[in-house]
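J.: Now for the letters of each chain:
2 protein chains.
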Amino acid sequence: MTEARKVRALEVLHAHGKRITAQRALILEIIEGSEGHLDAGEIYRRARAKDPRISLSTVYRGLNLLQELGIVSELHLDEEHHHYELKDETVHHHLICSRCEKVVEFDSSLVDRLVSQVSAEEGFTIERVHVDLVGLCPECRAREGS
Amino acid sequence: MTEARKVRALEVLHAHGKRITAQRALILEIIEGSEGHLDAGEIYRRARAKDPRISLSTVYRGLNLLQELGIVSELHLDEEHHHYELKDETVHHHLICSRCEKVVEFDSSLVDRLVSQVSAEEGFTIERVHVDLVGLCPECRAREGS
DNA sequence: GTACTTGCAAACTGTTTGCACATCA
DNA sequence: TGATGTGCAAACAGTTTGCAAGTAC
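Line by line, the protein sequences give chains B and Y. If you're matching positions, the first sequence starts at 0 in numbering that gives the first Met the number 0 and goes up one per residue. If you're matching positions, the second sequence starts at 0 in numbering that gives the first Met the number 0 and goes up one per residue.
To be clear, the hints were calculated from the coordinates, so they are not data collected in a lab. Hints are not guaranteed to be accurate.
As the list claims (entries may be wrong) - If you want the footprint, here are the derived chain B segments under chain Y, 3+ residues with CB under 8 Å: (1) 94-108; (2) 111-119; (3) 122-134.
Unchecked claim - Label pairs and their in silico Cβ distance ranges: (4) Y:66 with B:90: 26 to 34 Å; (5) Y:59 with B:112: 38 to 46 Å; (6) Y:2 with B:44: 46 to 54 Å; (7) B:52 with Y:7: 38 to 46 Å; (8) Y:127 with B:120: 17 to 25 Å; (9) B:79 with Y:11: 21 to 29 Å.
Ideal Cβ positions, reconstructed from N, Cα and C, are used throughout, including at glycine.
Turn these sequences into a full structure, and let the hints steer you where they fit.
T.: Pasting the structure below:
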């Protein structure tokens, strides 16, 4: 099933006249099987475990291509680097634990209401919506004591 | 009035045993009189217009200090660099024009409702909330035609 | 006077690019 | 075979740091 998404992604590559190389398939596989939200460095590290000869620039080029074709999205969860996830049909936003960095996805109709309200008030035509909530996840809060 | 905020900021500096240098005052002045949301490079450029001898590292160090003391906040409006604004008592979020890069601040009680809802559902204790809506501002939409 | 700040240059991190070689269709 | 993709090294942008000289208090 998650496998099906990878196959679909590879078809999109092919449909755009791009080659399906071992490296690209590997990058997709890693993003797929990872709860998403990895950064390029981490994808590179994991890729090297499977194929020690892959280069960091190939990872970046692969991610950029996948992004152009709409297969993955680039996130800006923190200030320092980009993170990537498989693009999903369902819109969702991110809850990020400030201690363990875990990312949980959520969606809420309140977001849509917010967008309608703000766009009506300010006259913007909204194209993209980013909602990131940062805080302690239940596990870290428990561990935290207090 | 906006002047008053700068004075207050300088007092905070002083209260923390930090010196009030011409460079720090200049950085504050620039952020103050700028509709906010400048990045370090732009602050540096404007600072040099007033004091050609200021260095980029001084700007970065100043911004980091101001941030540590809670006087300015660092934003991540786009992927590439940090932006800074004077920290305000009132919470607000950002509407960003994808064409002219203009930033409009907004707030809405729907955001608070969203936070309560999500934190109740997922068990997170929310510490920070980022809502960024990206789209065309009214002016750019008009100019755009279509 | 002395601790804090600055300017400069050099280091670092994340990301992109030029180029020769490899490779898939 | 010819267009595409890869690996490597070098280039970049944004940001940070070490150090000697300068400055606020």
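J.: Now, for every hint given, state plainly whether the structure supports it.
T.: Results for each hint:
no., hint, in the structure
1, 94-108, "holds (count 6)"
2, 111-119, "holds (count 6)"
3, 122-134, "holds (count 13)"
4, Y:66 with B:90: 26 to 34 Å, "holds (32 Å)"
5, Y:59 with B:112: 38 to 46 Å, "holds (40 Å)"
6, Y:2 with B:44: 46 to 54 Å, "holds (51 Å)"
7, B:52 with Y:7: 38 to 46 Å, "violated (58 Å)"
8, Y:127 with B:120: 17 to 25 Å, "holds (24 Å)"
9, B:79 with Y:11: 21 to 29 Å, "holds (27 Å)"
The earlier numbered hint that this structure contradicts is number 7, and it is the only one.
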